[in-house]
Amino acid sequence: MKSLILDFLYRWRWLFVISLLVSAASSLFGLPLILAPAAVGALQLDAQRGVFRAVRPLPLTRQDQAKAWWVIGVPLLPLLSVPALVLGIMLCPHFQPSARSLQSARIAAPMTETMLPMEPRPAALPETSVPDTEHRYIAPPQAPEKNRPSLWFAAAIQSWVALGYAGFCFFLMQWAPQRPAENLSENVQQGVFGLLWGISMPGVVFLLPNLPRSPDTIATWHWAVLAAAPVFVALSSFSAAKLARQRMFVTAAKKSPQATTESLALTGGLTGIPLYIVNFAGRIILMVALIAVVQFMMLRLILQGNQPADGLQVSLMSMMFGAAVAESIGMRALRALPLSTPKLALLLSLIPWAGAISSAIYSTVCCRAGNPELSVWVNLAAQAVALCGWATLALSITLHISSSGRLFVLVLLVLIPSIAIQWAVQYTVPIAAIGLVAGCAGFALLIRGLRKSSAFYRPRGFFGMTPGQPTAVR
Amino acid sequence: MNTIPALEVSGLEKHYPRFGLGPLDLTVPPGSIYGLIGPNGAGKTTLIDLIFGMGSPDAGTIKVCGYDHERDEVAVKQRAAYVGPDLNFVAWGKVGRAIRFNRGFRPTWDDGYCARLMQDFGISADDRIGTLSFGGRTKLALLLALAWRPPLLVLDEPTTGIDAHSKKAVFAEMLNIVRDEARTVFISSHQISDLERFADRVGVLHKGRLVAEGTTAELVDRHVQAEWVAENADAFAHIPGLTVQERDGANWRAVLDTLTCPVHSLESRGARDVRTQPLTLEDLFLALTQ
Numbered sequence: 001m002k003s004l005i006l007d008f009l010y011r012w013r014w015l016f017v018i019s020l021l022v023s024a025a026s027s028l029f030g031l032p033l034i035l036a037p038a039a040v041g042a043l044q045l046d047a048q049r050g051v052f053r054a055v056r057p058l059p060l061t062r063q064d065q066a067k068a069w070w071v072i073g074v075p076l077l078p079l080l081s082v083p084a085l086v087l088g089i090m091l092c093p094h095f096q097p098s099a100r101s102l103q104s105a106r107i108a109a110p111m112t113e114t115m116l117p118m119e120p121r122p123a124a125l126p127e128t129s130v131p132d133t134e135h136r137y138i139a140p141p142q143a144p145e146k147n148r149p150s151l152w153f154a155a156a157i158q159s160w161v162a163l164g165y166a167g168f169c170f171f172l173m174q175w176a177p178q179r180p181a182e183n184l185s186e187n188v189q190q191g192v193f194g195l196l197w198g199i200s201m202p203g204v205v206f207l208l209p210n211l212p213r214s215p216d217t218i219a220t221w222h223w224a225v226l227a228a229a230p231v232f233v234a235l236s237s238f239s240a241a242k243l244a245r246q247r248m249f250v251t252a253a254k255k256s257p258q259a260t261t262e263s264l265a266l267t268g269g270l271t272g273i274p275l276y277i278v279n280f281a282g283r284i285i286l287m288v289a290l291i292a293v294v295q296f297m298m299l300r301l302i303l304q305g306n307q308p309a310d311g312l313q314v315s316l317m318s319m320m321f322g323a324a325v326a327e328s329i330g331m332r333a334l335r336a337l338p339l340s341t342p343k344l345a346l347l348l349s350l351i352p353w354a355g356a357i358s359s360a361i362y363s364t365v366c367c368r369a370g371n372p373e374l375s376v377w378v379n380l381a382a383q384a385v386a387l388c389g390w391a392t393l394a395l396s397i398t399l400h401i402s403s404s405g406r407l408f409v410l411v412l413l414v415l416i417p418s419i420a421i422q423w424a425v426q427y428t429v430p431i432a433a434i435g436l437v438a439g440c441a442g443f444a445l446l447i448r449g450l451r452k453s454s455a456f457y458r459p460r461g462f463f464g465m466t467p468g469q470p471t472a473v474r
Numbered sequence: 001m002n003t004i005p006a007l008e009v010s011g012l013e014k015h016y017p018r019f020g021l022g023p024l025d026l027t028v029p030p031g032s033i034y035g036l037i038g039p040n041g042a043g044k045t046t047l048i049d050l051i052f053g054m055g056s057p058d059a060g061t062i063k064v065c066g067y068d069h070e071r072d073e074v075a076v077k078q079r080a081a082y083v084g085p086d087l088n089f090v091a092w093g094k095v096g097r098a099i100r101f102n103r104g105f106r107p108t109w110d111d112g113y114c115a116r117l118m119q120d121f122g123i124s125a126d127d128r129i130g131t132l133s134f135g136g137r138t139k140l141a142l143l144l145a146l147a148w149r150p151p152l153l154v155l156d157e158p159t160t161g162i163d164a165h166s167k168k169a170v171f172a173e174m175l176n177i178v179r180d181e182a183r184t185v186f187i188s189s190h191q192i193s194d195l196e197r198f199a200d201r202v203g204v205l206h207k208g209r210l211v212a213e214g215t216t217a218e219l220v221d222r223h224v225q226a227e228w229v230a231e232n233a234d235a236f237a238h239i240p241g242l243t244v245q246e247r248d249g250a251n252w253r254a255v256l257d258t259l260t261c262p263v264h265s266l267e268s269r270g271a272r273d274v275r276t277q278p279l280t281l282e283d284l285f286l287a288l289t290q
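Sequence order for the protein chains is D and X.
For the first sequence, the numbering used here gives the first residue as 1, with consecutive numbering after it.
For the second sequence, the numbering used here gives the first residue as 1, with consecutive numbering after it.
Wrong hints could be hidden among the right ones.
As the list claims (entries may be wrong) - Computed footprint of chain X on chain D; a stretch qualifies when at least three of its residues, placed anywhere within it, have a C-beta under 8 Å from a C-beta of chain X:
| id | region |
| --- | --- |
| 1 | 270-280 |
| 2 | 451-458 |
As the list claims (entries may be wrong) - Each computed SDA-like pair below joins lysine to any residue, with the alpha-carbon atoms no more than 25 Å apart:
| id | chain 1 | residue 1 | chain 2 | residue 2 |
| --- | --- | --- | --- | --- |
| 3 | X | Lys-168 | X | Pro-30 |
| 4 | D | Lys-343 | X | Asp-58 |
| 5 | D | Lys-452 | X | Lys-94 |
| 6 | X | Lys-94 | D | Val-293 |
Please keep in mind that the hints were generated in silico from the structure rather than gathered at the bench.
Built from N, CA and C at the ideal position, the CB exists for glycine as well.
Just chain D, with the same shape it has in the complex:
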């Protein structure tokens, strides 16, 4: 069991290093464990690549293997993050002015106002006991000591929830498809799993920042989330044995029935490029619409109101799925078609573009994100250009990398424009211009890669979202 955990740690060391660094660094912002489900994601990739099957002959009981997968998926990352978290919180006052001021405010117990040499005092500020000096206002007056955010309290709450969240994702993993659906019920099951899995990983980014920072700010839904955490940890530990058993065996391939005359009726309907567009671009648009609807409802229910990051997750997901779907099509089969290289590059780009344009519509029309000085249509055009450009770059770079590290590169590449578009709204047009440059560079890279890169034509597994395709050993 220990060797399985150490092996996983070794193979995914880069992911753990990034997670721990993020934990330490983001302590400053009260988001210490936003990468808590990353280990489950990596575990799912491993399962998809057949690691569970590969370890089956090892001299370990199935229970031990199941325990190892559970430890890896659920408590490992939150536990490893604790030292990083403690370090981050201890170092926090040295790097964050507001936290330093928070400490000085606590030392000066009678003071009812926190001072910092940062912003001018508002004209309407009521008189306080503090003499009028060059100090400026930062926190509301009369703020009770117990309501002040405590980094230790926030970290403890978030670690607890992160553990439960990892448990939830691990519990969910048992329904991950191991082969394409054959009937309606399997289709529905896989659709529900895809939906939950799709929103579960990035969903943590929205859940953790909204957890209480002080005991007095705990709301009813916080209690529900806190109570659900141990339940999911327990459920995940019970599901580990089933998960290990499922993934140890090769899924039986369907025996081909004898072809019937009815099934040979292939004429009519869309063919060629129109079929490609409807099948893949349509799939991405549908996916983005589904994510947008779920997120819209979820945010309204939980957070009750507009959030500045409403469009962020949809942008991220659309670009990630765009790249993932485009690379799942099978580059060898496409390359053998009578299409010129630029035309093939255009065809590949259409998929991320469909996702990017859909998410830009959601962001600007539904969430009203963008520069308020510009019209909705200008914002829409600017965001669409920026997202399409970065999506093309993300696709071409991830196609150049055939290892699973491309997932990390993809996340980084889609984070840049998504964050920039949501928060640097005054720079919408320059961001679009940069996106255009990124898009041109991405398209040129795509053409280059199609012609020269052997990585483009290696078998890929759709980032662990599908069972993949067995390949021959030559």
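Use these hints to put chain X onto chain D, whose structure you have.
Just chain X now, with coordinates in the frame of chain D:
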């Protein structure tokens, strides 16, 4: 009669950090079955990838039916079909959808022939591609390549993972293609026995170089296995056409290409008790690629 080679490779080179292909010269005449055999990592798939633009050569040219593979890439792919073990159609979901997609690119697609192939291979349009076995997916790739009757069919390990019945059907189709329609098949395979039966010409690729080429009968006839006794080792070093298989003291065993290294040339170098025996294509392959 068409005399333009179906495939013409001249001075082709492709170098990777740990592998180099070429320089390679190879000509496949129209209306023939050409078998390319070689051990793992010999460069067979690299050569086929280069034909279809999956990578670009460091030097040399490839022509398909007279069209340059880089300058006329669309024309090349309008004439050549590709089947390989890494072809992935899973994203299309069902067999019927993959067929419809491919049919849109092939004006010469024959629906009747496609239907017959589906019956021969036991594939249904409603089959989920993801649930097909590896052999089933290979059959689908073969079907997609055969159904538009391409002038050149390039097959990379087409019989890997398929059963004996399907293998028989595949080779029967290949023979039909060549015999009835004067089309060309270029096939790379490990199954030397299959190629021995079906291929008109065979090329043996080893470490990126073509070490032997010719019709199957020619290759088998002109190579022999020789055993002799000789004390002077230097006399048998680096002789063109001589591939030493084993040496135990003064006893030697080697494969001779009798065109470049006749048996009497061994005797003139001091070999005694020279005995020769014929080789099968498999023996020859093993000797040349050891």
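The hints, checked one at a time:
Against chain X, the region 270-280 of chain D contributes 9 residues with a C-beta closer than 8 Å to a partner C-beta. That satisfies the three-residue criterion, and the hint holds. Counting residues of the region 451-458 of chain D whose CB lies closer than 8 Å to any CB of chain X gives 7, which reaches the minimum of 3, so the coverage claim holds. Using a Cα cut-off of 25 Å, the hinted pair X:Lys-168 and X:Pro-30 holds, with the two alpha carbons roughly 23 Å apart. For the hint linking D:Lys-343 to X:Asp-58, the alpha-carbon distance of about 24 Å falls within 25 Å, and the restraint holds.
A threshold of 25 Å between alpha carbons decides the hint, and for D:Lys-452 with X:Lys-94 the separation of about 31 Å lies outside it, so the pair is violated. Straight-line distance between C-alpha atoms of X:Lys-94 and D:Val-293 comes to about 28 Å, which puts the hinted pair past the 25 Å bound.
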